[in-house]
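Given the sequences, and given the hints that come with them, work out the whole structure.
Residue numbers (this note's numbering), protein chains in the order written: chain A, 53 to 684; chain B, 452 to 927; chain C, 35 to 254.
There's no promise every hint is true.
Claimed, not checked - With a straight-line cut-off of 25 angstroms between C-alpha atoms, the simulated SDA-like cross-links for lysine to any residue are:
1. A:477 with B:532
2. B:568 with B:512
3. B:798 with A:564
4. B:568 with A:363
5. A:397 with A:592
6. A:477 with B:481
7. A:397 with B:537
8. B:481 with A:569
9. C:59 with A:672
10. A:477 with B:517
11. A:397 with B:521
12. B:798 with A:202
13. B:925 with B:882
14. C:59 with A:244
15. B:798 with B:863
16. A:547 with A:520
17. A:580 with B:543
18. B:680 with A:510
19. B:825 with B:599
20. B:481 with A:504
21. A:589 with A:549
22. B:526 with B:515
23. A:397 with B:536
24. A:547 with A:564
25. A:580 with C:51
26. B:680 with A:88
27. C:59 with A:344
28. A:247 with C:55
29. A:247 with C:54
30. B:481 with A:512
It should be emphasised that the hints constitute simulated quantities derived from the structure, not laboratory data. The structure displayed is predicted, hence computed values, not measured ones.
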Amino acid sequence: MTTIAFPTLISRPTSYTGLWSWIGTVDHKRIGTLYGVTAFLYFLIGGIEALVIRGQLSTAENDMVSPEIFNQLFTMHGTTMVFMVVMPMSAAFFNWMVPLMIGARDVAFPRLNAFSYWAFLFGTIFLNMSFFLGGAPNAGWFGYANLTGNTYSPGDGVTFWALGLTILGVASLAASFNFIVTILNMRAPGMSLMKMPVFVWMALVTNVLLALAMPVIAVALIQLGLDRVLGTNFFNPLAGGDPVLWQHLFWLFGHPEVYILILPAMGIVSETLPVFSKKPLFGYPAIVLAGAVIGFMGWFVWSHHMFTVGLGPAANSAFTISTMLIAVPTGVKIFNWMGTVWGGKLHLNTSMMFSLGFIAMFVIGGLSGVTHASPPTDAQQQDTYYIVAHFHYVLFGGSILGLFAGGYYWWPKMTGKRLGESFGKWHFWTMLIGFNLTFGPMHWLGLNGMPRRISTYAEGMGWETSNAIATAGAMLIAVSVLIFIINVIRTISSKQEAEDDPWDGRTLEWSIPSPPPAYNFARIPQVKSLDDYWYTKHPELLHDERGEQTESPAPVEEDSHGGGSIHLPSMSYYPFVVAIGMSIGIIGFMEIRVDIPSTDLQLPWLSVVGIVVGMWGLLGWIFEPVTAEGGH
Amino acid sequence: MNLRRLLRPLRSRFLFLIPIAPALLVACNKEDAQSTFGTSGPIADTQASLFIFIFWIAVVVFVLVEAALIYSIVKFRRRGDSDDSLPEQTHGNNKLEVIWTIIPVIILVVIAVPTIKIIYDQDGPPTDQGPVLEVNVRAHQWWWEIDYPGEDVVTSNEIHIPVGQWVNFTMHSDDVIHSFWVPKLAGKLDIVPGDVRQLAMKADEAGFFFGQCAEFCGEAHAKMRFRVKAEEPEEFQAWLDSMRRPPVELVSEDAIAGQTLFAANCSSCHATNTWQAPAARNERTRLAGLRTAFIGNIEDSAVIPAPNLTHFASRETLGAGLIELNSENLIKWIADPDDVKEGNRMKDLAAPYRNNSLSTNDVRQLAAYLLELKPIAADAVVAAVDLGGTAEERGEAVFAGSSGCSGCHSTGSATLVGPGLADLSSRSSDAEIHESITDPGAVIVEGFPDSVMPQIFESTLSSDELTDLIAYLKSL
Amino acid sequence: MAQAATVQEQHGHIADTNTGISNRKLLMWVFLASDCLFFGSFIATYLVYRNESLAGPYPNEVLDIPITSVSTFVLLMSSLAMVLALHYAQKDQLGLTRFWILAVAVLGAIFLGFQVFEFTTFVNEGLTIRSNLFGTTFFILTGFHGLHVLMGVLWLLGMAFAHFKGALTSRSVEDLEMAGLYWHFVDIVWIIIFTVIYLIGFSDGEGIETIEHAASIIGG
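See the structure below:
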């Protein structure tokens with residue numbers, strides 16, 4: 053405990069309702085909700101960007117938007133969907149479910165958790181403000197140097213991008229540290245690593261990837277930002293800088309990032325498939341191992357994004373082999389999911405449909421991936437719509453469908469109400485059909501020679517029909533999202549209430565009330581086996597052919613917090629303050645202009661303000677006890 | 452609403468048709484201009500065959516997996532809401548799991564072996580199939596500079612190659628990363644600034660093949676296209692020869708007026724004189740000088756490297772392979788280049804657009820001039836060029852013509868790449884002018900960067916030309 | 035910022051974890067693993083661009099290996115002081131613990147002083163972050179390392195003056211252990227940086243490779 057009194061700068065929030073209670077919250081469930089709502093709003097924004105892109109490309113020689121606007125739109129669509137939708141939506145589920153599934157009362161560092169969210173929010177707001185402040189970033193979500201240099205990207209768009217993503221990177225890093233520690237350290241007694249739910253395993257692998265990959269992109273972004281504001285030479289060919297260095301750094305981050313985007317969804321369906329098949333997960337150790345192997349091998353395949361850069365036959369061959377190898381554990385997962393479904397008793401509700409849709413679509417994305425894991429064929433497909441089709445089958449057909457499966461699955465736990473099933477099925481079918489109409493024809497477009505990132509195309513190239521179908525499909529996706537929104541609104545305003553365990557669940561979160569109380573578990577559970585909660589409901593099933601070895605249960609400890617009063621971390625405004633300070637500190641670098649001689653640099657006063665605010669918040673944070681006096 | 456009944460036909464059996472159906476609708480049209488299947492050369496042929504090989508393996512896996520998935524959905528779905536009995540609780544099957552780990556490994560080995568063989572096969576042109584034609588490509592935002600080393604031929608955006616002969620493209624980028632892609636001849640290769648790339652290909656049949664930049668390179672990326680014209684070897688040779696002959700004499704009055712307009716407004720950036728060997732050899736250096744000038748003053752630069760227009764009228768397309776070259780399109784292009792190709796820098800930089808000084812009639816005359824820019828016939832007798840006139844007049848011809856001076860220097864006080872040369876005689880002696888031409892690095896005018904002006908004029912200019920040029924410069 | 039903040043975070047009881055390592059210490063390990071990749075990327079960048087500068091000043095013209103060897107020695111000694119501080123903290127000797135914590139901070143500050151001197155000298159000799167690839171990669175790599183040292187010095191000073199008053203608790207000893215982990219890490223990183231920048235040979239920029247590179251840019 054602290055030994056000197058630090059003057060109270062801001063009094064702690066005390067009310068558990070109202071705006072201030074959300075700003076001061078450190079409850080992992082509320083932070084999860086914040087992440088989820090924010091990510092969904094950005095899903096709508098990114099979707100609108102996609103619709104404009106599809107509108108522009110619906111016919112040849114279209115001029116609905118100018119090339120400049122088009123470039124901003126596809127840059128922000130990619131950046132938004134990756135960094136502001138799939139990652140935070142996964143973070144929302146991590147926040148909500150990881151502590152509940154491992155039987156913990158919160159994450160390891162609740163205030164750090166709040167900081168992560170606020171830094172994420174400020175970073176995304178800053179990035180999107182660029183639309184109104186002279187133009188959004190326009191050099192692609194991959195931001196290949198040296199197009200991102202001042203010479204070829206004048207204006208502030210790319211600077212917004214570099215600094216905004218740096219803020220998001222800090223947020224992601226803080227969150228990943230938090231979850232790694234939470235999962236490694238805070239499991240309920242008896243829950244060894246191999247008794248963890250697969251979703252928690254995938255959360256662990258994802259967060260390890262984040263912790264190790266984010267520094268790499270941070271370095272690349274710092275280098276880019278310094279090139280732009282301070283005039284350094286990292287990616288300046290005129291000074292001997294090599295633009296390919298950016299690509300190596302970007303994809304050394306970017307390929308693990310692909311798994312950061314897909315592993316959470318894989319974890320989700322690994323939960324939903326057994327529950328709705330009424331069978332244990334087929335080959336739990338294999339699925340866990342495959343996930344870990346994917347996380348490891350994901351570091352050795354990055355150059356397959358660069359087969360056409362001209363790295364030479366030796367490098368291309370080596371990365372061909374590593375890329376093909378990583379298909380093996382992915383295949384293992386798919387086969388094991390199918391083994392789970394096989395012989396089960398499938399409850400085909402919306403969550404299950406999204407899960408099965410995930411498998412069906414992810415298989416297509418995986419197989420099209422194999423076709424361009426081969427550099428000679430990739431030479432024709434790289435930077436064409438074939439690649440766009442491929443990664444949308446992985447990221448939409450995979451991640452987004454998987455996240456919706458998780459949404460329908462955990463909605464009753466999170467809100468105490470079930471999402472409507474009939475609207476849910478309309479949502480699923482319109483989304484699945486719209487998705488395939490949008491991205492299916494893109495395979496053909498790419499093979500027929502349509503490059504990516506072109507703002508328009510000539511007539512008579514043979515691309516009109518497929519593009520028109522794709523645009524129609526995109527509108528159908530928009531309809532499906534509308535159906536989902538209506539479903540959510542209807543559900544929220546309905547009076548029906550869900551049971552605590554509506555799906556006959558297998559994992560610990562179903563053992564507590566819906567929605568869970570602030571302290572989650574009145575009593576920390578004792579875990580004896582994988583799917584422990586399921587076996588408490590079906591004790592007769594515990595001994596079967598694979599023999600979940602029944603360890604002698606650990607002696608039941610008294611709740612470590614003693615008696616009936618559970619001490620939870622108290623609310624705090626400081627994470628919010630530190631996040632603001634850090635964001636302003638980074639944003640302040642925009643003030644430095646490259647035309648000032650480097651020996652004569654001025655201090656960016658905005659950064660100084662940010663650092664002062666951040667340090668003030670930090671001191672408050674350090675000297676504020678986690679739990680207020682007499683707090684609860 | 453009975454949703455279940457409504458969706459039944461869709462729900463399972465036909466699911467797999469959904470992604471395929473649109474592809475079936477548009478069918479495999481190999482005739483499409485950039486189809487990667489309608490190939491015309493060995494590199495693209497092999498790439499397409501390899502793709503089709505992998506594709507069928509993928510189709511087999513796809514059908515098996517999706518069929519198994521759909522079968523289990525149909526077979527194992529819960530029947531009736533009241534059935535709460537549990538199915539058999541299996542946790543896994545080691546034998547099965549090992550099998551479905553090994554099978555993919557075998558499949559991937561089957562794919563990897565030919566893949567790696569082809570990677571090495573396609574690394575450079577074969578050494579045993581006759582001489583290789585060398586072609587230099589330099590990518591610019593958003594056009595392509597082409598030259599044939601050793602041939603003294605420079606052109607842009609339309610690449611002529613002979614059928615049946617391997618061609619080795621040596622590629623540089625002038626600004627950002629581009630990617631050179633002619634789908635019917637070969638897969639793409641990125642061109643990275645500060646580095647060099649080699650791409651070999653061969654056309655097995657004559658054709659006018661579409662190419663396009665495949666790496667996002669900025670605002671007009673979508674319109675950075677080009678064409679490869681594969682011709683029978685004798686036609687190709689004839690084309691090379693024609694590119695080294697002087698242009699025909701202008702006939703129409705519009706064209707003659709257009710020539711003057713071009714010299715005044717366009718020639719700082721566009722060369723039309725590389726049919727002369729010294730100008731052809733100097734073209735790269737001239738463009739590099741324009742690049743340096745542009746980089747040095749991005750906000751206000753009036754110059755930037757621009758496509759070579761020598762014998763422009765013998766081309767078939769305009770605006771980097773964008774539209775057909777004809778009078779109507781050319782007038783549209785000159786009148787408002789941004790309307791045809793948004794983002795291209797001509798309208799931003801060139802003085803006549805900034806000052807809005809081109810009248811409709813000017814545009815028409817410029818187009819007329821450009822459309823008469825073609826080589827004289829091969830059998831035409833080239834009269835010995837008798838420059839005649841005074842030393843100043845001959846010097847003016849050198850200044851405006853093959854030496855390329857006018858590309859960087861105005862004869863007024865305006866600064867292009869280099870300083871304006873008006874009133875030069877009051878500033879410099881004969882010897883100083885001579886030195887500044889033959890050894891430009893010796894004295895640099897304050898405010899201008901070092902080593903921009905090429906150190907080549909001592910060798911490209913004859914001593915007579917040099918004397919005439921100095922005489923002309925002193926008359927300014 | 036975030037990391038420094040979290041070391042003060044507390045939740046649950048120290049030994050009451052699955053791994054037996056407290057949450058805070060595990061956090062520090064995870065942070066250091068992450069930081070490895072951060073420095074790894076900057077060091078890789080430096081190595082990629084070694085001897086690739088197209089213009090001077092080149093490393094052999096500015097680097098003063100004897101002086102930097104002294105500052106390296108100072109930083110290594112600070113690690114020794116850190117070991118002693120922890121040693122006395124575990125023996126519950128508050129006075130000696132504080133003394134050695136301050137010693138670490140002072141040695142770290144001396145190292146920073148050397149760095150400021152070095153940077154100033156280089157700028158006076160015409161090497162800035164904009165001069166060439168060497169300037170860019172050198173200043174940014176060593177600058178970020180210096181920033182890490184600065185954070186460490188501030189942390190240790192804060193600890194010495196604010197934290198280690200009164201009696202030593204198991205919690206404050208753990209704080210010191212974490213600071214020690216951080217400090218040793220920063221030291222090890224410096225040894226790598228020192229090796230990469232100062233000890234492996236460097237060319238004078240007249241290498242054939244460089245000229246080819248320049249030629250490929252100018253004329254191809």
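Cross-check of the supplied hints:
| no. | hint | in the structure |
| --- | --- | --- |
| 1 | A:477 with B:532 | holds, 17 angstroms |
| 2 | B:568 with B:512 | holds, 24 angstroms |
| 3 | B:798 with A:564 | violated, 68 angstroms |
| 4 | B:568 with A:363 | holds, 17 angstroms |
| 5 | A:397 with A:592 | holds, 19 angstroms |
| 6 | A:477 with B:481 | violated, 40 angstroms |
| 7 | A:397 with B:537 | holds, 7 angstroms |
| 8 | B:481 with A:569 | violated, 63 angstroms |
| 9 | C:59 with A:672 | holds, 21 angstroms |
| 10 | A:477 with B:517 | holds, 20 angstroms |
| 11 | A:397 with B:521 | holds, 14 angstroms |
| 12 | B:798 with A:202 | holds, 21 angstroms |
| 13 | B:925 with B:882 | holds, 12 angstroms |
| 14 | C:59 with A:244 | holds, 20 angstroms |
| 15 | B:798 with B:863 | holds, 22 angstroms |
| 16 | A:547 with A:520 | violated, 43 angstroms |
| 17 | A:580 with B:543 | holds, 20 angstroms |
| 18 | B:680 with A:510 | holds, 19 angstroms |
| 19 | B:825 with B:599 | holds, 19 angstroms |
| 20 | B:481 with A:504 | holds, 20 angstroms |
| 21 | A:589 with A:549 | holds, 22 angstroms |
| 22 | B:526 with B:515 | holds, 16 angstroms |
| 23 | A:397 with B:536 | holds, 9 angstroms |
| 24 | A:547 with A:564 | holds, 21 angstroms |
| 25 | A:580 with C:51 | holds, 17 angstroms |
| 26 | B:680 with A:88 | violated, 55 angstroms |
| 27 | C:59 with A:344 | holds, 24 angstroms |
| 28 | A:247 with C:55 | holds, 20 angstroms |
| 29 | A:247 with C:54 | holds, 18 angstroms |
| 30 | B:481 with A:512 | holds, 13 angstroms |
In this structure, the hints that do not hold are numbers 3, 6, 8, 16 and 26, in rising order.
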